[in-house]
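Two independent chains are provided; combine them into the complex using the hints.
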Amino acid sequence: MKLYIRNLTVALSLFTIHYSLSAQTADQIFKAAGSPANPKVAMNWSQYYDHAGISAILKKIAAAYPDLAKLESIGKSYEGRDLWCITITDFKSGDPNKKPGMYIDGNIHSNEVQGSEFSMYTAWYLTESFKDNKFVQELLADKVFYIVPTINPDGRDSYFHKPNTGSSPRSGVIPIDNDRDGQVDEDGYDDLDGDNEILLMRRKNANGRFRPDPSDPRRMIQVGPDEKGSYEFLGLEGKDNDGDGQVNEDGYTFEYDPNRDWGWNWQPNYIQGGAYKYPFSLPENRAIEEFVMKHPNIAAAQSFHNAGGQILRGPGAESDVTTYNAADIQIYDVIGKKGEELLPGYKYLVVYKDLYTVYGGELDWFYGSRGIYTYSNELWTPYLFFNSDATRNPQDNSNYSFDRYLLFQDAFVPWHEYDHPQYGKIEIGGFKKNFGRAHPGFLMQSDAHRNMAFTIYHCYQTPKLAVDTIKEKDLGDGLKEVTTVISNSRLMPTHSSQDLKYKIERPDYISLVGVNVLAGMIVDNADLNLTTEQRNDPAKIAVRNIPGQGTVTVRWIIQGSGKYVVTVDSKKGGVVSR
Amino acid sequence: MSKTISVFLLGIFSCFVSTAQTGYSDFSRQTTRINALAKTYPQYVRVRSLTKTARGKDIWQITMGTGNTESKPAIVVAGGVEGNYLIGMELAIGFAENLLQSSDTDSIKALLNKTTFYIFPNLSPDAMEQYFAPLQYERQGNAAATDDDRDGKTNEDGFEDLDDNGKITWIRVESPVGDYRVNPDDPRSLIKADPAKGEKGKYLVYTEGSDNDKDNNFNEDGEGGIWFNKNFTYKVPSFTQGSGEFAVSENESRVLLDTLFERFNVYAVVSFGSNNNLSNPYIYNAATANQVLIGSWLQQDVRADSMVADLYNKTVSMKDAPKTTAAGGDFLSWAYYHYGRYSFSTPGWWVPKTKPDSTKGEKAFTVDDPTANYLRWAGQQGITNTFNEWKTVQHPDFPGQKVEAGGVDPFVLINPPYKLIPDLVKKHTQFLFKLAAYQPEIDVINIKTEKAGAGLTRITVDIINRGALAAPSKIGERTYWMKRITVRVNTSGNQSVISGRKIQTLNSLEGYSTQQLSWLIKGTGKLSIDAGSPTTGSKSIDINL
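Just so you know, the protein sequences line up as chains A and B, in that order.
In terms of this note's numbering, the first sequence opens at residue 174 and continues consecutively.
In terms of this note's numbering, the second sequence opens at residue 29 and continues consecutively.
Careful: at least some of the hints might be erroneous.
Said to hold, decoys possible - Stretch by stretch, here's where chain A covers chain B in the computed footprint (C-beta under 8 Å, at least three residues):
1) 88 to 101
2) 215 to 224
3) 231 to 245
4) 266 to 280
5) 285 to 295
6) 506 to 514
To be verified - Keeping only pairs whose Cα atoms sit at most 25 Å apart, straight-line, the calculated BS3-like set for lysine-lysine is:
7) 181(B) - 676(A)
8) 713(A) - 181(B)
9) 530(B) - 412(A)
10) 674(A) - 550(B)
11) 526(A) - 263(B)
12) 181(B) - 674(A)
13) 412(A) - 550(B)
14) 550(B) - 467(A)
15) 80(B) - 467(A)
16) 242(B) - 674(A)
17) 263(B) - 271(A)
Stated by the list, open to error - Computed Cβ-Cβ distance ranges for the label pairs, DEER-style:
18) 334(A) - 542(B): 47 to 53 Å
19) 499(A) - 541(B): 50 to 56 Å
20) 736(A) - 227(B): 40 to 46 Å
21) 554(B) - 380(A): 40 to 46 Å
22) 334(A) - 541(B): 45 to 51 Å
23) 554(B) - 591(A): 35 to 41 Å
24) 619(A) - 283(B): 44 to 50 Å
25) 175(B) - 619(A): 44 to 50 Å
26) 95(B) - 253(A): 31 to 37 Å
To be clear, the hints were calculated from the coordinates, so they are not data collected in a lab.
Note that the structure is a prediction, hence the values are computed from the model and not measured.
Just so you know, even glycine gets a beta-carbon here, dropped at the ideal spot from N, CA and C.
Next up, chain B with everything else stripped away, as it sits in the complex (with noise of 0.2 Å):
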């Protein structure tokens, strides 16, 4: 293709997205756009469907960089770990869509020479459909048809939507035994009463629906089976909702495993949901990294988080990010302890820490109360519809009691409005191409020559990695699903090895170190030494004896 049908090209692409993209895209629009990017830059993207979830729809994969891109060191970028994360999502498609508008320039095609990016943009398909369906609720799971309170019958106890807006919120119900009281910050927002400090609630609060099956637990059991976020192998929770009746049980997550297994070339991963440790890095236990069922990230791999943390916060900065604690069979903990790769997660957004607007007469929070403290960031951003007052409404299961319908929408304590995304994408780009530059490259260097007389030649090299990060990681060490640094010396005619190892493994390189190798070797001539890894390249040196 010549140049300027690929200009041509990228200006009607770009403008595609700038004039279309007014909300979040649902799937068949993710779609579009992925296979665009095929279409446009076919010299730099490949996709491909991996599987078919249980509606039909595809996961996708794209491969972003050039020639043999198995070969070369990749980081995984993947969206929709969590189905209510669209942000995730947008971030995935929207990191390609991004870094590909620049691929003319120097330093991105030197990037995508150097690192395959394989990004999964949507791994939660179904359940991120919920979003866009009549019904709007944050669901997680996918169409496995599930039995979440285990009682024998599926399905038997979902949502209704009392106040007829499409969303589930929430109901309150007066009560004298409430344990909820009114937030004395912002009226709207209910909080818990504590009865340690002599507060006395007064709600009772469900969300939205009736107790269909008379079990007295409301909406326990609705539609939405099992959480994609909820389903891998380090410490899966077990007989939970959403957590599958094993771990790996769902097709889409096994096909993306059997090929990510295969993938030798990964090594760090990105995923974009709930869990966050670019914002606020791990810390080292060694209690916890020293137990055999390792419980916390080991002490070379939390600087290496520490260190690339930094890079994040630096690049997106965006402050006050909200602690997470990883509630196991999660993504971001299998990349890392069963994968055996850096592994890093983010949200992407939240809601920032506000500021009381003393002009409006706002004062500062006695409570700390997230939904008080997104209304009044709303308020402050001119958002007005996110908010639904309280309203009565007529209840089944509470007859003669007073019960209301109210609340913040669903989604937008954790997806920004729409117009902060292409600003969080533009960072997130930018965070993704400076990640890539601590990538593990292998050097051969310092190569000395000694003969040691009648035709034995001692030879000595270096073998170094030029990257900020280790290769592998130090709990990738540990597991075969990484490979070693091979280093082999390859020799021709009448030589020999007479000491040092023709063919040797290396169990580590740290980031930015070193590794002295040498060898006795007896003959002449040309003479050469292989060292390289699937996830730090390849480098090979020829030696005249």
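Extracted from the complex, chain A is given alone in its bound form (with noise of 0.2 Å):
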């Protein structure tokens, strides 16, 4: 059910005011390059934001941009939450369902957060910015993107406003008997201190094989082989509530994984840790497949997660490597490459074979399934914590220094003690859940930005049509020849290679319209006059492809005289008329 916001521009327009004055007034304001000053939607991207928080901050953009902005909600999670899908486009030029389309999703993971302030900012940008900016405005004329900023709702408000770790939740919230006892979510985590942070329980053993690092005492190091330690690890804050002698066993963090429920290359749980029972056999996926079976216009698509600094296309698994083709691996290289420009720090990388397997991820549905050129970016890398590449050196404590030096240690819990029903007495301490995983307050906007502008790359590289000439020729006894030369001026063509191969989507129809038409044929060579003639319905020439920066010749024969139009209409490339 769509769920347009136009009616609440009144009342919203009420907090906008609200707002304006609380901001400067815009002769106070010097603009920085690149950014919108004075914007109507104030925002503080230096914090993180749950449901309710998102739900706000959407309505206020649509409510401030109708004519760009316009809000529904796709689905319901299973806990009942929106899922809101916030489509940015210029609403005055064009049929938004008939531009090439760009999908942008977050947060599929519960606990990698900032895909969703990273996607909002995407919408917050394109829409405070199309006022004065002439590429904005193109873009939106030419584009549509859909953005969903959380696709996992209820998880992220777990892993806020629940006790966690930085990596957990990873699933969402329907339970799983993890160990298959008849008993649902019997013994979790839990938060011993109650604190709101799953740390670690640590204990004095003086054959332990830890000791704090001289260099930073809440650190634990390792001793060598030949050294005496002084404490040992007890592993997450948790005790063994169900008395099976096993704790944390079975809570609701790791039910399932929310990126192993989709309909490519599906495997279920014994092969593919984290699947469901079937391709969307989740409700929040099952919401996005129908939008984006919906959207037969996505011809491009990007998924947020973290962490890494990671540009990732498919394939997941090594059984789908002749899956990505060379030609589509092509333009896939060419983006992720400009990313890796855009985005100090990252890396483009390929997912079976510089991560691990995964079969049944969205982005392998999304190409292989639908043939969408799809990233998943693995947003935050600890490169961005010194400007230089992190080591896997034992001695790397950068973690630390940055926590100590510009963070003034707010991201770390001090070790204290406590008194354990299982292990006497222990001390727990640690990172807090809001380090390590996601970004610090005061990176967040710039690689918000950087992140945005490779998801703008990706979206301009869309395929852009234009009818670029039509030449006639007389053939006398009335008859007559049109040639028309259609041209894609952008890197993706209108069918991806698979696509192409498995005949995903409709062949994309150049129609003449207007005159009498005899014949039609594609030609395949203007200059030596080789053409393919299509017997059944000549008007109207089904073109498979019309290539990335690479031109399609179509031909009529017509009988008589009068205006006539020539229209290409592709799915993933839009429609234009000469």
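Structure representation (structure tokens):
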């Protein structure tokens, strides 16, 4: 169901006024290059927003820019939260459903939160910059952005509001009996010290293999093989709740992996850990699937994860290596390498080869099943601590140094004593869940902007079609030959080669309307007059593809005269007429 | 309900069935029969509609059993896995009818007390109705609108009944480049010419219809959507006709799977369709079974398949079943590989291999041709109206060429004449009855207590599986959609567990196997041990320390 926010504009404009009042007046501001000055929707990009926060921001953007942004709920999560999609385009210029589309989402893994802020930043930046940026105006005239800041709002809220680590929960919140004993979620983490964080447990032990690092005693280091330690680790904060001799073995934090639930090369949970019942068995992913199927104009897609500083493409599994064929990899490489240039510290990688095997992942479904060029960015990299590559050297304590000198020890909970029911006297401490994978506040906006720039470049390279030339030749006897050249002036073809291989999307139609068409043909070689005739419905020539930075030529034999119109109608390339 | 009344109703019901049932049931008649079961046997049967198809037809679920049916080990019985196998639907409904007719006998009472049956009589109701439609053809697709040839147009090139007999059969076109020739054993049937043997074809053969969209393909995109038996997750053949845009894309498949995944008590799935691992059990292949993307059944499960196939072949006593290979996306494979249950499938019937009748001057076949075999079998059975003589028709796509329509009726090669159904139902009911006797069943025996001094007692027990089938199947050990056997020591008062686990799970118990467990307990008084899982039932024992 579409929920248009236009009727709320009046009500929400009060907010806008409130915010303009609290901001500086226009004459007090000197515009910094490339950033919207004195924006209508005042935003703080150095903090995170839960689902209610995201809802409020998106509503403000849609209310402030009714001609550029529309908000709709494209489905509900398991716990009933709205899955918001904000559509950004110039609604006054053309039919949005017929413009090449860029789909962006974030937060598929509950703890990988900043993708939501980064994708909202994109919606905010495009709307706030439209009025005085010609590039943005042209972009939004040609293209449409579908932005779903969080496709896992239950998990997001649970990560923020329940005790967790920086890595939990990865899962959504549908309960699973992990240890298959017939009881569900009977032994998860326990926030023993009640600080809404799940930290580490350590215990003094004369035979332990760890000791505090003399350079920063908060940090525990492993002792050498011939050294004596003073501590042992006891895992993450928790206890044996059900008395089965295991700690934290069946909690809500790893029920399943929403990124193993997609309809391409799906495998069951014993092959692909985290798979649920069958493709799109999670309601959130199903809503996305239905949205994408209803928007065949989506030609490019981006999903935001964390962490590691990576621009990833498929395949997720080696068994899909041949699915990604050379012609498409060329396009992936051009955009991916541009990404490395725009995103310092990020590397362009291939999932199965450079990371690990993933069956049933989102990016493989977008590409394998729908033929859409798709990247997944692992946001945040330790490179951003001190703008130098992090190392695996055990002496490298840059995260502790960064916390000490730039965050003033805000990211660490000091070790403190606790009386544990099974372990006795222990100590609890460690990095908070907002550090390690999520961006520290002051680094967020800059990286959000760079990642947005990458998705804009990606979107810009979706097809741009034009009817280049129309030439007539008189054949005598009242017959004329009409030859038209259709061009695509961007990198991407109207059909990826995966699409062509399996006929995923219908052909592009080039039609001639207004005159009597006797015959129609595709011109294979104009100079040598080599053509392929289309016997059925000659006025509407079906071409399999319009290549990137390329052209196709079609020809009709017509009888009589009169005005006529040539129209190209491509699902992923848009509709143009002349 | 008093016994007299139930016997009375039973009488009416059987009478109703025997007089009215002369042919395959259409959907509305199936619905009547299914709901009649719930009315006649309220103590054993519950009927519910899982969901409705695009055409508004109910997907029925019959739950047959007693008491808390969800807590008893269960067998799933599925018909209509393929919409053109009407026999499978008859076997599924017939099984329930047949079994319940004897539900006053001790053996059936005991069965229904011990085992739950989830019966899904017809999983392809949209497709199967094509059998009863004015234009009859073998259909598997549901009512979803699909673009089978992926050309951007939907249903633009379906069948045409060129000879106007209400059935879609074949057309043959005389052509110097034809690849079919007349079968020398039976000139009514056409077989492929093999150029390697110097054979020359005479005909081009197509399904009955014309090339409506002029793309040189015949009837490649007619009405008929997603095939139930091609839309599941194991090796779904993406981008082929009927497979759907992704696995489990259809409402009926989804709701079925959601239902089954929540039924942890299911240990076996028996489906009726083209695939057959009951007449010809699987053969173990170590190489493919051990691949990460598992390619064939695991060794222990192959053994179980052989055991069950042996039971099937002895019970139904039909020979010469055609060998089949599951094509991917099928329900049989899903139920094993992705649901983790023992999964069995049979067509339920096939055309028997015929012998030449020398009194009619018939000779042994020189070519292996199922159509010729069917025609001879039909002749011997006195069935004469299922072959359409080749008849010249005018065909718009072949002006000036000789085109004839004809051939064997649709459906008859895979669905027997209805008069054979009651006997097949009886045999398959017996098979399912005997299969339930192989059910895993947990017991706790050989309970030993030894005093270890000073209030300490060592308890030793054997946890055994009294059934022939393992709990779970070998493949089921791998998936969290199967529960493990949980063994729990319930202490009270001053008791505490000194050694051994208070709660533990067993990975598996093979058929007819045992596992010994022991504990050291401190304290006195009564203590109990529970062992069980949804597919084995539970057993609780009390011990006095």
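Against the structure, the hints:
1. 88 to 101: The restraint on the region 88 to 101 of chain B is violated, since only 0 of its residues have a Cβ under 8 Å from chain A and three are required.
2. 215 to 224: This one is violated; 0 residues, fewer than the three required, reach chain A with a Cβ under 8 Å.
3. 231 to 245: holds (count 3)
4. 266 to 280: n = 7 at 8 Å, threshold three: holds.
5. 285 to 295: holds (count 3)
6. 506 to 514: That given contact holds, which follows from 8 residues of the region 506 to 514 of chain B lying within Cβ reach (below 8 Å) of chain A.
7. 181(B) - 676(A): Roughly 12 Å between the alpha carbons, so the hint for residue 181(B) and residue 676(A) holds.
8. 713(A) - 181(B): 13 Å, holds
9. 530(B) - 412(A): Holds - the C-alpha atoms of residue 412(A) and residue 530(B) are around 16 Å apart, at most 25 Å.
10. 674(A) - 550(B): 70 Å, violated
11. 526(A) - 263(B): OK: residue 526(A) and residue 263(B) at ~23 Å, within 25 Å.
12. 181(B) - 674(A): 18 Å, holds
13. 412(A) - 550(B): 24 Å, holds
14. 550(B) - 467(A): Distance of about 66 Å is beyond 25 Å: violated.
15. 80(B) - 467(A): Holds, because 23 Å separates the two Cα atoms, which is no more than 25 Å.
16. 242(B) - 674(A): 22 Å, holds
17. 263(B) - 271(A): 35 Å, violated
18. 334(A) - 542(B): 47 to 53 Å: Since residue 334(A) and residue 542(B) have Cβ atoms about 49 Å apart, the given range 47 to 53 Å holds.
19. 499(A) - 541(B): 50 to 56 Å: 54 Å, holds
20. 736(A) - 227(B): 40 to 46 Å: 60 Å, violated
21. 554(B) - 380(A): 40 to 46 Å: 42 Å, holds
22. 334(A) - 541(B): 45 to 51 Å: 48 Å, holds
23. 554(B) - 591(A): 35 to 41 Å: 37 Å, holds
24. 619(A) - 283(B): 44 to 50 Å: 48 Å, holds
25. 175(B) - 619(A): 44 to 50 Å: 46 Å, holds
26. 95(B) - 253(A): 31 to 37 Å: 35 Å, holds
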